[in-house]
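**Student:** Chains G and U, in that order, give the protein sequences. For what it's worth, the numbering used here labels the leading residue of the first sequence as 1, then goes sequentially. For what it's worth, the numbering used here labels the leading residue of the second sequence as 257, then goes sequentially.
One or more hints might be untrue.
Computed footprint of chain U on chain G, listed as stretches where at least three residues anywhere in the stretch have a Cβ under 8 angstroms from a Cβ of chain U [unchecked claim]:
no.: 1; stretch: 76–90
no.: 2; stretch: 100–113
no.: 3; stretch: 161–169
If you're looking for bench data, these hints aren't it; they were derived computationally from the structure. Keep in mind the model is a prediction, meaning the values are calculated, not measured. Beta carbons: idealized from backbone N, C-alpha and C, even for Gly.
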Amino acid sequence: MTNNLLEIRDLHKRYGTVEVLKGVDCTMRQGEVISIIGSSGSGKTTMLRCINMLEEFQGGTISIDGQEIGYEMVNGVRRRKREKDIARQRALTGMAFQQFNLFPHMTAAGNVALGLVKVKKMSRDEAKAIAEKWLDRVGLLSRKDHYPGQLSGGQQQRVAIARAIAMNPKLMLFDEVTSALDPELVNEVLQVIKGLAEDGMSMLLVTHEMRFAYEVSSRVIFMNQGRIGEEGNPREMFLKPKTERLTDFLKTSSFN
Amino acid sequence: MTYSLNFAAVWRSFDLLLEGLALSLGLAFAAILAGCVIGLIVAFGLVSRTVALRKPAGLYVTIIRNTPILVLVLFSYFALPELGVRLGKIESFVLTLAIYSGAYLAEVFRGGLIAVPPGQREAGLAIGLTEMQIRTSIIIPLMLRNVLPSLGSTMISLFKDTSLAAAIAVPELTFEARKINVETFRVIETWIVASCLYVATCSLLAALMRAVERRLAVPR
Chain G
1 MTNNLLEIRD LHKRYGTVEV LKGVDCTMRQ GEVISIIGSS GSGKTTMLRC INMLEEFQGG
61 TISIDGQEIG YEMVNGVRRR KREKDIARQR ALTGMAFQQF NLFPHMTAAG NVALGLVKVK
121 KMSRDEAKAI AEKWLDRVGL LSRKDHYPGQ LSGGQQQRVA IARAIAMNPK LMLFDEVTSA
181 LDPELVNEVL QVIKGLAEDG MSMLLVTHEM RFAYEVSSRV IFMNQGRIGE EGNPREMFLK
241 PKTERLTDFL KTSSFN
Chain U
257 MTYSLNFAAV WRSFDLLLEG LALSLGLAFA AILAGCVIGL IVAFGLVSRT VALRKPAGLY
317 VTIIRNTPIL VLVLFSYFAL PELGVRLGKI ESFVLTLAIY SGAYLAEVFR GGLIAVPPGQ
377 REAGLAIGLT EMQIRTSIII PLMLRNVLPS LGSTMISLFK DTSLAAAIAV PELTFEARKI
437 NVETFRVIET WIVASCLYVA TCSLLAALMR AVERRLAVPR
């Protein structure tokens, strides 16, 4: 077999009759940082959400570490795996959302510890220690007993990243994590992501921050109308785009 | 009008009223507790994507909520035995009020459930929680906080509905008051005292619910 961390083969996704992913292929090695760019509706967020089965997909396969995600073939028929197995597979990845989605009735530390207790079956003390370690890592140890409503957007997003990363995922998925933030709060979140990249964390980032994608990525994927329009290293992609679509997209984006 | 108020006769039977009130509270507590369990299950049915769950849940709410509770009380006490289900007065009433409150609470809970943003479930899924863990750790706690204000008034409503048990001679507060009324002819005094007991109990209940609300409020 291969030693790719992530393998996406001929991924197809439909909402009713509308096909939003029309055959996406993508492989990713351990430690890579890939940014996915493209205009809205190009399928980049949908592709990310297929990887952790927040979206069903109708065709193709996704494997993480050689494990096929979400579906299995039983007597030649493609079938959704049991929910328990899908839940276990979801823990292979961590995800940070555009809207943070912190649990509002739990403290910052409680948010990070929940998955450790419920999924990893750790004791409360163990979970608390790990939660505090990761909150410290994102610079928010002093806010561990604060509730999400008492934190700024940037702080909430950093807690959300700590919550995902504390589960020790093989791959982190970032879904436009700075899009809902006030401009002055964007940087603190990007710095956290940059730190994780430097530590060798494998990451897929859907982002509109072109400058950041340029700086942090080992590879960039440009999605266009449900397909990969162009991909390559950030230098070629941003400075010498090959396709007209990407050239046009970059003109209208914030990269300059 | 030469009626002069004289509460002496009512005070002599005050113990009876208190016993009635205690039974009223007991009936309400048992029925609402069961009603909450029914309501929670039915509410998840109402918001389910599976038609086979949504339809029966909707049918239950429609039938029960659109029948007067007195009719339900009389039906289960007088008609059910004809169908072979024989229950004591108290059991019959508690069962009826539980089923009735289940329908109301299901609607209250449904409102609370749809107010929980879908991102909460997704965040739970993303860290590997199962649907059941998401319900118990995230959805239900958030739903309860959403519904506490309306839950309080629904509970007060249901507590007052225990007075209908008098129709099948369950010796709760209204039944005892009527008995005292008949025995002493102190019509006004008896019903004033009974009303005051209801008002006092409901006010206490409301204060209790507000305390719970404050206690569970999410700091911001």
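**Student:** Confirm or reject each hint.
**Tutor:** Hints and how they fare:
1. Given a C-beta distance limit of less than 8 angstroms, the hint that chain U covers the stretch 76–90 of chain G holds, as 5 residues qualify and 3 suffice.
2. Under the rule that three or more residues need a Cβ within less than 8 angstroms of chain U, the assignment of the stretch 100–113 of chain G holds, with 5 such residues.
3. Counting residues of the stretch 161–169 of chain G whose beta carbon lies closer than 8 angstroms to any beta carbon of chain U gives 3, which reaches the threshold of three, so the coverage claim holds.
In the structure shown, no violation is registered for any of the earlier numbered hints.
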